[in-house]
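S.K.: Whole structure, please, built from the sequences with the hints as guidance.
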Amino acid sequence: MAIVRLYNNTRGVPNWLEISEPAHTGGEGTIYFSRDRRYAIKIYHRQESTKRQFLEKITLLGANLTADEAQFLCWPLALVADVDGNECVGCVTRRIPTPPYTTLMNVMLTPRQAAEQFQVGRSWANYLQIARGVARSVAVLNGKGCAHADLHFGNFLVNSGNSDVVLIDLDGLVVPGFLPPQVAGMYGFMAPEVVIGKSTPNERSDRHSLAALILYTLLFRNVMEPRVTYDSDNEDNDARISWGKEAIFSEHPQDRRNRPRMLGVPLFQQGALSYHILTPALQRLTERAFIDGLYSPDRRPSAREWINTLSWALDELWQCSYCRQYFPYPHWIKPMQRRACPFCGQRRMVAPLPSVLLLYEPRSRGNYAFTQRYLVLGNGWKLFADVLNSQRNPPMSRKGELSVGHVEWDSKSETNRLVNDEDTIWRARLGEDGSDIIVGSSTSIPLQPGTTIHFGEGRRLLVVGE
Amino acid sequence: MNNQLAEEKLNRLLPALSPLAKCIGARIVPEEHVLEEILRSIDVAPEEWAIEELVFWTKILQKASTAATDDEKAAIAVELQNRGILEYPAILAIDAAIPPPLIVVPRSINFGSLKPGEGANATLKVRGKLVKAIVRNNRLKATSLNRGSENSLVKVQLLAGSAGESLQDNILLQGERGEVKVPVAAQWEKEPPRLQHCPRCKRKSLFWNRYNKKFECLNLNCKVEGPSLDKLARP
Numbered sequence: 001m002a003i004v005r006l007y008n009n010t011r012g013v014p015n016w017l018e019i020s021e022p023a024h025t026g027g028e029g030t031i032y033f034s035r036d037r038r039y040a041i042k043i044y045h046r047q048e049s050t051k052r053q054f055l056e057k058i059t060l061l062g063a064n065l066t067a068d069e070a071q072f073l074c075w076p077l078a079l080v081a082d083v084d085g086n087e088c089v090g091c092v093t094r095r096i097p098t099p100p101y102t103t104l105m106n107v108m109l110t111p112r113q114a115a116e117q118f119q120v121g122r123s124w125a126n127y128l129q130i131a132r133g134v135a136r137s138v139a140v141l142n143g144k145g146c147a148h149a150d151l152h153f154g155n156f157l158v159n160s161g162n163s164d165v166v167l168i169d170l171d172g173l174v175v176p177g178f179l180p181p182q183v184a185g186m187y188g189f190m191a192p193e194v195v196i197g198k199s200t201p202n203e204r205s206d207r208h209s210l211a212a213l214i215l216y217t218l219l220f221r222n223v224m225e226p227r228v229t230y231d232s233d234n235e236d237n238d239a240r241i242s243w244g245k246e247a248i249f250s251e252h253p254q255d256r257r258n259r260p261r262m263l264g265v266p267l268f269q270q271g272a273l274s275y276h277i278l279t280p281a282l283q284r285l286t287e288r289a290f291i292d293g294l295y296s297p298d299r300r301p302s303a304r305e306w307i308n309t310l311s312w313a314l315d316e317l318w319q320c321s322y323c324r325q326y327f328p329y330p331h332w333i334k335p336m337q338r339r340a341c342p343f344c345g346q347r348r349m350v351a352p353l354p355s356v357l358l359l360y361e362p363r364s365r366g367n368y369a370f371t372q373r374y375l376v377l378g379n380g381w382k383l384f385a386d387v388l389n390s391q392r393n394p395p396m397s398r399k400g401e402l403s404v405g406h407v408e409w410d411s412k413s414e415t416n417r418l419v420n421d422e423d424t425i426w427r428a429r430l431g432e433d434g435s436d437i438i439v440g441s442s443t444s445i446p447l448q449p450g451t452t453i454h455f456g457e458g459r460r461l462l463v464v465g466e
Numbered sequence: 001m002n003n004q005l006a007e008e009k010l011n012r013l014l015p016a017l018s019p020l021a022k023c024i025g026a027r028i029v030p031e032e033h034v035l036e037e038i039l040r041s042i043d044v045a046p047e048e049w050a051i052e053e054l055v056f057w058t059k060i061l062q063k064a065s066t067a068a069t070d071d072e073k074a075a076i077a078v079e080l081q082n083r084g085i086l087e088y089p090a091i092l093a094i095d096a097a098i099p100p101p102l103i104v105v106p107r108s109i110n111f112g113s114l115k116p117g118e119g120a121n122a123t124l125k126v127r128g129k130l131v132k133a134i135v136r137n138n139r140l141k142a143t144s145l146n147r148g149s150e151n152s153l154v155k156v157q158l159l160a161g162s163a164g165e166s167l168q169d170n171i172l173l174q175g176e177r178g179e180v181k182v183p184v185a186a187q188w189e190k191e192p193p194r195l196q197h198c199p200r201c202k203r204k205s206l207f208w209n210r211y212n213k214k215f216e217c218l219n220l221n222c223k224v225e226g227p228s229l230d231k232l233a234r235p
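Protein sequences appear in the order of chains A and B. Okay, so the first sequence: first residue is 1 according to my numbering, each after it adds one. Okay, so the second sequence: first residue is 1 according to my numbering, each after it adds one.
Do not rely on the hints blindly, as some may be mistaken.
[As the list claims (entries may be wrong)] Estimated spans, in silico, between C-beta atoms of each pair:
id, chain 1, residue 1, chain 2, residue 2, range
1, B, 63, A, 116, 26 to 36 angstroms
2, A, 1, B, 22, 40 to 50 angstroms
3, A, 2, B, 194, 21 to 31 angstroms
4, B, 149, A, 395, 30 to 40 angstroms
5, B, 117, A, 161, 53 to 63 angstroms
6, A, 228, B, 22, 45 to 55 angstroms
[Claimed, not checked] Here are the simulated lysine to aspartate or glutamate pairs, DMTMM-like style, with alpha carbons at most 20 angstroms apart:
id, chain 1, residue 1, chain 2, residue 2
7, B, 9, B, 79
8, A, 57, B, 95
9, B, 190, A, 84
10, B, 9, A, 84
11, A, 51, A, 87
12, A, 57, B, 165
It is worth saying that the hints were derived from the structure and are not from the lab. Glycine residues also receive a C-beta, built at the ideal position from the N, C-alpha and C atoms.
M.R.: This is the structure:
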């Protein structure tokens with residue numbers, strides 16, 4: 001048992017901790033757990049005073065995190081002064097218990113691992129939530145003016161119970177001018193400009209890494225995976241070329257070099273998921289990240305854009321009647337007979353089918369604008385208050401969120417009906433004949449294509465698409 | 001000059017924040033030629049808009065040197081954020097703009113393992129105006145020399161401890177602006193067994209005299225004694 005003495009303690013970390021055997025040794029340092037298992041202590045291999053000063057600045061920044069942010073960012077909470085009297089450079093974070101947490105890599109590295117997760121009750125909707133959690137942690141860092149600089153699937157821990165995500169390894173943050181990059185990153189997630197040495201890690205390269213991680217989480221493959229060997233004699237040089245100057249999106253419309261063999265074949269038939277299974281808004285962000293922005297960092301979507309778009313995608317899911325898996329309902333594919341479950345390939349969409357509604361944002365003087373956001377609502381599904389509130393984006397969890405309506409299937413007329421569950425009166429113009437109706441509390445409206453529903457001043461507007 | 005810069009101009013100017021803050025932290029008054037030099041170092045032409053913005057940042061950052069509380073620092077950070085600078089660069093700029101309260105060498109004292117009843121001494125070199133050196137542990141004494149001047153010495157005296165005792169504490173050095181904690185560690189060896197084998201005669205006759213704090217071999221043919229096993233000798 002050794003005694004680790006600490007300084008710059010924040011958030012109730014004691015002045016000293018007891019440690020025993022190393023829990024893990026990595027390239028940068030050795031990790032120990034405190035005897036009470038509450039903290040993880042990293043002792044760096046290289047004992048440099050510059051690293052100590054660097055860490056002192058990072059703990060200073062951590063003091064400004066909100067309690068909520070501190071939950072998903074595993075920030076250094078104290079610094080090591082010495083171990084048993086021997087001066088050491090190191091830092092302390094809270095220990096994330098494994099289980100229930102596991103690295104992101106363990107749940108999505110291959111389609112097979114994903115299928116195993118599906119068998120134990122995890123659904124693709126959970127992966128969408130995980131992707132949103134990943135985006136949230138990066139958005140908070142980037143929004144405060146720093147970059148993580150080493151985003152990859154080993155640096156995110158996922159709670160298998162509730163899909164919560166925690167970002168670790170925050171001891172190498174980059175704040176331009178103040179905290180220089182410490183590492184370049186990991187092949188597969190590094191931006192091409194960093195791989196070729198044209199730039200050091202920054203917020204723009206974080207955007208690339210984040211996009212690669214999100215797509216990996218949703219499609220169970222690295223969408224930038226090279227399928228061409230450029231230097232068969234030198235593995236490292238080959239990686240540098242294929243992830244760097246020759247990096248190309250696997251679904252690039254013109255360049256098919258990296259296209260997977262079974263692209264578009266259902267996942268449960270050993271296929272590779274295409275980004276075309278994603279919602280239209282997610283497809284557009286993917287194209288901005290990997291086609292327009294691959295070599296133009298300023299054109300890459302921000303972490304904040306990913307959060308919003310991933311959140312909206314949760315409202316566009318539908319459950320396959322055959323394999324019971326959730327997937328983005330492909331309302332953009334017409335005719336309907338061409339729509340299929342991307343997991344099992346089932347094409348027969350059986351009634352009752354969902355209604356697809358378009359969300360419009362209120363603008364000045366009674367005008368509304370379409371924001372490319374859709375709602376897919378089926379029998380028994382709820383309409384939540386946040387969907388109509390123009391000041392809000394979808395929350396991380398809808399537990400406790402107020403429901404303002406729900407959908408019921410009318411088998412006689414073979415249409416969905418939206419029931420008003422609140423006291424506010426809604427006004428609607430029916431798509432069928434253009435007549436205006438009032439929808440009072442506990443009454444309902446048929447969701448016919450073209451119907452416009454006005455929920456009141458300042459709230460979002462819904463138009464039934466199909 | 002209250003309007004925020006356009007994003008493109010701000011992004012070009014942001015690399016100047018760190019050298020400007022360090023300049024203020026080093027008590028250098030950033031006059032116009034200094035600002036021009038900073039701008040040239042980040043490949044921005046010293047145009048009027050850029051100089052004006054740096055003057056604005058300078059005024060804000062200069063308040064940092066007199067900020068005594070975290071709330072005051074937070075208020076200065078907000079002022080920088082109102083100029084479009086994000087939270088973390090703003091916080092680090094303020095940190096860099098505050099002259100360090102005290103620089104202490106060494107940063108910690110470790111007296112290591114001591115013999116029971118033994119004490120020790122150490123000296124701290126302090127740069128910056130030292131007001132007071134505070135110790136709360138009755139095994140420690142700290143005496144400051146040349147207090148009030150820019151460079152001072154603090155004599156640290158560790159009083160004798162008993163066998164098996166350990167000490168983990170801090171010396172608090174209070175400066176004019178802020179304070180520094182210097183961790184201090186020491187431990188005293190555990191008391192040896194009362195009777196053990198004598199390394200000289202090899203008999204189990206070596207007695208530890210806890211009152212005189214020395215070993216004494218009771219074998220009349222040996223009779224060695226000494227404060228430790230490696231310092232045994234005939235009297």
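S.K.: Take the C-beta atom of residue 1/A and the C-beta atom of residue 22/B, compute their distance, and say whether it sits inside 40 to 50 angstroms.
M.R.: The hinted range 40 to 50 angstroms holds for residue 1/A and residue 22/B, with Cβ atoms some 42 angstroms apart.
S.K.: Measuring from beta carbon to beta carbon, are residue 149/B and residue 395/A in 30 to 40 angstroms?
M.R.: Violated - the Cβ-Cβ distance for residue 149/B and residue 395/A, about 59 angstroms, lies outside 30 to 40 angstroms.
S.K.: Within 45 to 55 angstroms or not, the Cβ separation of residue 228/A and residue 22/B?
M.R.: This hint holds: roughly 47 angstroms between Cβ atoms.
S.K.: Given the proposed pairing of residue 9/B with residue 79/B, does the C-alpha separation stay at or below 20 angstroms?
M.R.: 18 angstroms, holds
S.K.: Take a look at whether the Cβ-Cβ distance between residue 63/B and residue 116/A falls inside 26 to 36 angstroms.
M.R.: 58 angstroms, violated
S.K.: Holds or violated: are the alpha carbons of residue 57/A and residue 95/B at most 20 angstroms from each other?
M.R.: Between residue 57/A and residue 95/B the Cα gap is close to 9 angstroms, so the pair holds against 20 angstroms.
S.K.: Between residue 9/B and residue 84/A, is the straight-line Cα distance small enough, at 20 angstroms or below?
M.R.: Roughly 51 angstroms separates the two Cα atoms, so the pair is violated.
S.K.: Sort out whether residue 165/B lies within 20 angstroms of residue 57/A, counting only the CA atoms.
M.R.: Violated, because 35 angstroms separates the two Cα atoms, which is more than 20 angstroms.
S.K.: With a cut-off of 20 angstroms on the C-alpha distance, tell me whether residue 190/B and residue 84/A pass.
M.R.: 16 angstroms, holds
S.K.: At the C-beta level, are residue 2/A and residue 194/B separated by a distance inside 21 to 31 angstroms?
M.R.: Cβ of residue 2/A to Cβ of residue 194/B: about 29 angstroms, so the range 21 to 31 angstroms holds.
S.K.: Are the Cα atoms of residue 51/A and residue 87/A separated by 20 angstroms or less?
M.R.: 13 angstroms, holds
S.K.: With 53 to 63 angstroms as the target window, see if residue 117/B and residue 161/A comply at their CB atoms.
M.R.: 57 angstroms, holds
When the structure is compared with the earlier hints, violations turn up for hints 1, 4, 10, 12 and for no others.
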